[in-house]
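Chain order of the listed sequences is A and B. So in the working numbering, the last spot in the first sequence is 242, and the numbers never skip. So in the working numbering, the last spot in the second sequence is 126, and the numbers never skip.
Calculated directly from the structure, the hints in this document are not laboratory data. Hints are supplied without guarantee of correctness; some may be wrong.
From the structure, some residues in chain B lie toward chain A, with a derived Cβ separation under 10 Å [stated by the list, open to error]:
#: 1; residue: S25
#: 2; residue: I29
#: 3; residue: N44
#: 4; residue: E80
#: 5; residue: K81
#: 6; residue: V82
#: 7; residue: R83
#: 8; residue: L88
#: 9; residue: R91
#: 10; residue: G93
Calculated lysine-lysine pairs in the DSS-like style (CA-CA distance at most 25 Å, straight line) [claimed, not checked]:
#: 11; chain 1: A; residue 1: K81; chain 2: A; residue 2: K206
#: 12; chain 1: B; residue 1: K77; chain 2: A; residue 2: K24
#: 13; chain 1: A; residue 1: K54; chain 2: A; residue 2: K224
#: 14; chain 1: B; residue 1: K67; chain 2: A; residue 2: K27
#: 15; chain 1: B; residue 1: K6; chain 2: B; residue 2: K109
#: 16; chain 1: B; residue 1: K77; chain 2: A; residue 2: K206
#: 17; chain 1: A; residue 1: K27; chain 2: B; residue 2: K66
#: 18; chain 1: B; residue 1: K66; chain 2: A; residue 2: K24
#: 19; chain 1: B; residue 1: K109; chain 2: A; residue 2: K27
#: 20; chain 1: A; residue 1: K24; chain 2: B; residue 2: K28
#: 21; chain 1: B; residue 1: K28; chain 2: B; residue 2: K60
#: 22; chain 1: A; residue 1: K48; chain 2: A; residue 2: K81
#: 23; chain 1: A; residue 1: K2; chain 2: A; residue 2: K223
#: 24; chain 1: A; residue 1: K48; chain 2: A; residue 2: K206
#: 25; chain 1: A; residue 1: K2; chain 2: B; residue 2: K22
#: 26; chain 1: A; residue 1: K225; chain 2: A; residue 2: K45
#: 27; chain 1: A; residue 1: K229; chain 2: A; residue 2: K82
#: 28; chain 1: A; residue 1: K45; chain 2: A; residue 2: K82
#: 29; chain 1: A; residue 1: K166; chain 2: B; residue 2: K77
#: 30; chain 1: B; residue 1: K22; chain 2: B; residue 2: K60
#: 31; chain 1: B; residue 1: K28; chain 2: A; residue 2: K27
#: 32; chain 1: B; residue 1: K120; chain 2: A; residue 2: K24
#: 33; chain 1: A; residue 1: K27; chain 2: B; residue 2: K112
#: 34; chain 1: A; residue 1: K223; chain 2: A; residue 2: K166
#: 35; chain 1: A; residue 1: K224; chain 2: A; residue 2: K81
#: 36; chain 1: A; residue 1: K2; chain 2: B; residue 2: K60
#: 37; chain 1: A; residue 1: K77; chain 2: A; residue 2: K225
#: 38; chain 1: A; residue 1: K27; chain 2: B; residue 2: K77
Every residue, glycine too, gets a C-beta built ideally from N, C-alpha and C.
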Amino acid sequence: MKFYDLHVQSNFSEGENSIEELAKFAKNLGYSGIAVCDYFESMEKLRKLKEIIKSMDIDIEVFPGVEIRTKSVEELKEIIKKVREEVLIVVVSGGNYLINRAACEDSRVDILAHPELGRNDSGLDHICARAAAENNVAIEINFREMLYSFRKPRSHIFAHISRNIKLCTKFNTPLVICSGARSIWDMRGARELVSVANTLGLDLSKAFAAVTSTPQQIIEDNKKKLEGKKITEGVEIVEDNG
Amino acid sequence: MDKKPKPLPPSLRGRRRYIAYKIISEEKILFSDLVNTIWHSILNCLGELGASESEVWIAKDTYDEKKQVGIIRCSHKNVEKVRTALALIQRIGDIRVVVKVLGVSGTMKAAKVKFFGETKLTEFTK
Chain A
1 MKFYDLHVQS NFSEGENSIE ELAKFAKNLG YSGIAVCDYF ESMEKLRKLK EIIKSMDIDI
61 EVFPGVEIRT KSVEELKEII KKVREEVLIV VVSGGNYLIN RAACEDSRVD ILAHPELGRN
121 DSGLDHICAR AAAENNVAIE INFREMLYSF RKPRSHIFAH ISRNIKLCTK FNTPLVICSG
181 ARSIWDMRGA RELVSVANTL GLDLSKAFAA VTSTPQQIIE DNKKKLEGKK ITEGVEIVED
241 NG
Chain B
1 MDKKPKPLPP SLRGRRRYIA YKIISEEKIL FSDLVNTIWH SILNCLGELG ASESEVWIAK
61 DTYDEKKQVG IIRCSHKNVE KVRTALALIQ RIGDIRVVVK VLGVSGTMKA AKVKFFGETK
121 LTEFTK
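Looking at chain B on its own, in the form it has when it is part of the complex (with noise of 0.2 Å):
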């Protein structure tokens, strides 16, 4: 027997929706520095039950550090609080940055494929 419980079926998930974002700074953002903001600016707009609420997930392996960019996971419901947190961010560490939402998306993939320009897979076997 496993020791994990066993992944849910697709319909008992929570529905959610992926938030791509766009850093814009004059001077670089680590991801590390980026998450304590973002959480920080949640728990302070929205508060630990609001915050507990969005399910929020602060995707690490789609954060592009060149480019700025990445995805926020949160529940289908509290996608425009989530933008509300996000929007007061005025500063990470000492730089002073605009946090630009590039749009949501239902999943992953599809929020790379439209916001980041990544191309699908089946494209290259045709």
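If we strip away everything but chain A, and leave its shape as in the complex, we get (with noise of 0.2 Å):
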């Protein structure tokens, strides 16, 4: 079985280690690839991460990403446009609720990261749900939120991301299980990232595809797109070998 971590931040923003520490350790716990999404800040910066990916000799797969952390709408749609022929994978920083809203309604989010953050409610909604189904746009459960609050906070998180997937299994909106690492003593093994959502409510078997099949799809369709082989939900360029 293959693992995936798509949500993990290098030292190119707010991280603490380099994005090959960070490999490495993954490798050691088990994973088959993560994607590193750094703080969107300059289309230079961005370039540079994916020529220092591009230029690293590992065998695990890294691929390039990009969180978007704005309070406004429009600006988010501006930077989405701007990288989204770039990487691989655009993961919008949620927490306020226009934010998780215009990110579920927009196709080209592929994951809305902690939609629960800072608030006093879970910040997702049946109509959120139901467009990020429609939208394709993956829900995260982010493990370092609750890795780092404790007794009261961490209850409340707790309490949210269980609604927020109780919701998500109602709409069949896809999620996936993040470790959000900023540093190596942050990330945890898959297995323990799905016990966690599986205490939190979640089946066994769609937390197992939280970490497998969900993600693996994401990375799929998202290279496809990008080589230009797929145009749209339901339209693709096939190759004629006959």
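Fit the two chains together into the complex; they arrive one by one in their own frames, and the hints show the way.
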């Protein structure tokens, strides 16, 4: 089984470790691939990140990604337009309801990260969940948030995440479990993340899908789209071998 | 007469699972610190009631201080919960750690053979 962690941050933005260290540690924990999603600052930095990943020689797949953190919907749309053709994984940092909703309604977004961050509700409603299912935007279960909170805040985060899980299973919204790690010490084995999601109310089979098949699907689809082979849902260019 | 109650017959004993774990850290971890941290995490995460239901026992003589591997026993229905509590450990004392679960097994012997690479005694007699 191949495990993927699609949300890891390196020392390119606020992380602590270099991409190489993260990749090595992920390999140790049994992952087949990680996506380095640093906060978006400028296009030059993004291209530099891509070059570094290309020049690395490690037997684990490392995908270039970006995490967009903004407060206005207009800015979000602008940045998505710029980065979509450049990187494989586009993550939107949630928390603000308007941003959550805009991300769910935009099919160019791959993952909506931590929709419940810094809120006293779960940040998603049935409208968002349905829109995300239609546009194939995966909702993230962020492990780092749980790791760095204690007692009362942690119990609230547990409650919000299990509410989101309930909503997403109801509307068949894709779910991904990510570590959201900013250093190697925030990373956990994929099976541990599955356990955490399982205790919060996600079926074991669906929890496994959230670290294996769902991320794999996202990666494969985006690879095809970036190569120009997949135009939209259901329209693909197929090579003629005969 | 013995002062202790007799050991229960196997059909009346609770069903257990044995979790083999490995601590990844930069510095050495002492067993006493580890036990404190694991219990702290289990009580914090599952509560007193959840901890009693999961019947956790951290086996001391299975802990290898060099390799930093060991075995935790828990009831068979609460494996996922105990794993969650282990995943939520982030530091022991001031040392940052990652607890990696190597696997779950039905007996302690099988866990040692499977995950610590211990050889069975019968293999020598052949």
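Status of each hint after checking the structure:
Because the closest C-beta pair between B:S25 and chain A is about 9 Å apart, less than 10 Å, the hint holds. At its closest, the beta carbon of B:I29 sits 14 Å from a beta carbon of chain A; the interface hint therefore is violated under the 10 Å criterion. Checking B:N44 against chain A: minimum C-beta separation of about 7 Å stays under 10 Å; hint holds. Satisfaction of the interface hint for B:E80 is found here, the shortest Cβ-Cβ separation to chain A being roughly 5 Å, below the 10 Å cut-off.
With 10 Å as the threshold, the beta carbon of B:K81 comes within range of chain A, its nearest partner Cβ sitting at about 6 Å, so the hint holds. Evaluation of the B:V82 hint against chain A yields a held restraint, the C-beta minimum of about 9 Å falling below 10 Å. A distance limit of 10 Å between C-beta atoms decides the matter here; for B:R83 the minimum to chain A is near 4 Å, and the interface restraint holds. Proximity of B:L88 to chain A holds as hinted, the smallest CB-CB distance being about 6 Å (cut-off 10 Å).
Interface hint at B:R91: satisfied, since its Cβ lies 8 Å from the closest Cβ of chain A, which is below the 10 Å cut-off. Because the beta carbon of B:G93 sits about 14 Å from the nearest beta carbon in chain A, more than 10 Å, this interface hint is broken. Proximity of A:K81 to A:K206 is assessed by CA-CA distance (about 32 Å); at most 25 Å being required, the pair is judged violated. Restraint check: the Cα-Cα separation between B:K77 and A:K24 comes to about 34 Å, which exceeds 25 Å; the hinted pair is violated.
Straight-line distance between C-alpha atoms of A:K54 and A:K224 comes to about 18 Å, which keeps the hinted pair within the 25 Å bound. Restraint check: the Cα-Cα separation between B:K67 and A:K27 comes to about 19 Å, which is no more than 25 Å; the hinted pair holds. Under the criterion of a C-alpha separation no larger than 25 Å, the hint pairing B:K6 with B:K109 is consistent with the structure, at around 23 Å. The straight-line distance between the Cα atoms of B:K77 and A:K206 is roughly 19 Å, inside the 25 Å bound, and the hint therefore holds.
A C-alpha spacing of about 22 Å is found between A:K27 and B:K66, which places the hinted pair at or below 25 Å, so the restraint holds. A hinted pair counts as satisfied when its Cα atoms are at most 25 Å apart, and B:K66 with A:K24 qualifies at roughly 22 Å. Of the supplied pair hints, the one linking B:K109 and A:K27 is violated, its CA atoms being roughly 28 Å apart against a limit of 25 Å. Distance hint between A:K24 and B:K28 is fulfilled; the C-alpha atoms sit about 21 Å from each other, no more than 25 Å.
Between B:K28 and B:K60, the direct Cα distance comes to roughly 16 Å. Compliance with the 25 Å bound is thereby established for this hinted pair. For the hint pairing A:K48 with A:K81, the CA-to-CA distance comes to about 19 Å; that is within 25 Å, so the pair holds. Pair hint A:K2 plus A:K223 holds up; C-alpha atoms about 17 Å apart against a cutoff of 25 Å. At roughly 36 Å between alpha-carbon atoms, A:K48 and A:K206 are farther apart than 25 Å, so this suggested pair is violated.
Our distance criterion of 25 Å between C-alpha atoms is met by A:K2 and B:K22, whose separation comes to about 21 Å. Restraint check: the Cα-Cα separation between A:K225 and A:K45 comes to about 23 Å, which is no more than 25 Å; the hinted pair holds. With a C-alpha separation of about 20 Å, the suggested pairing of A:K229 with A:K82 holds against the 25 Å cut-off. Our distance criterion of 25 Å between C-alpha atoms is met by A:K45 and A:K82, whose separation comes to about 13 Å.
For the suggested pair A:K166 and B:K77, the alpha carbons sit about 22 Å apart, so the restraint of at most 25 Å is met. Proximity of B:K22 to B:K60 is assessed by CA-CA distance (about 14 Å); at most 25 Å being required, the pair is judged to hold. Under the criterion of a C-alpha separation no larger than 25 Å, the hint pairing B:K28 with A:K27 is consistent with the structure, at around 22 Å. Restraint check for B:K120 and A:K24: the C-alpha separation of about 33 Å exceeds 25 Å, so the hint is violated.
Only pairs whose Cα atoms come within 25 Å are accepted, and A:K27 paired with B:K112 is accepted, the gap being roughly 24 Å. Using a Cα cut-off of 25 Å, the hinted pair A:K223 and A:K166 is violated, with the two alpha carbons roughly 30 Å apart. Using a Cα cut-off of 25 Å, the hinted pair A:K224 and A:K81 holds, with the two alpha carbons roughly 18 Å apart. Proximity of A:K2 to B:K60 is assessed by CA-CA distance (about 34 Å); at most 25 Å being required, the pair is judged violated.
Restraint check for A:K77 and A:K225: satisfied, since their Cα atoms lie roughly 19 Å apart, inside the 25 Å limit. Distance check on the hinted pair: A:K27 and B:K77 sit about 30 Å apart at the alpha-carbon level, beyond 25 Å; violated.
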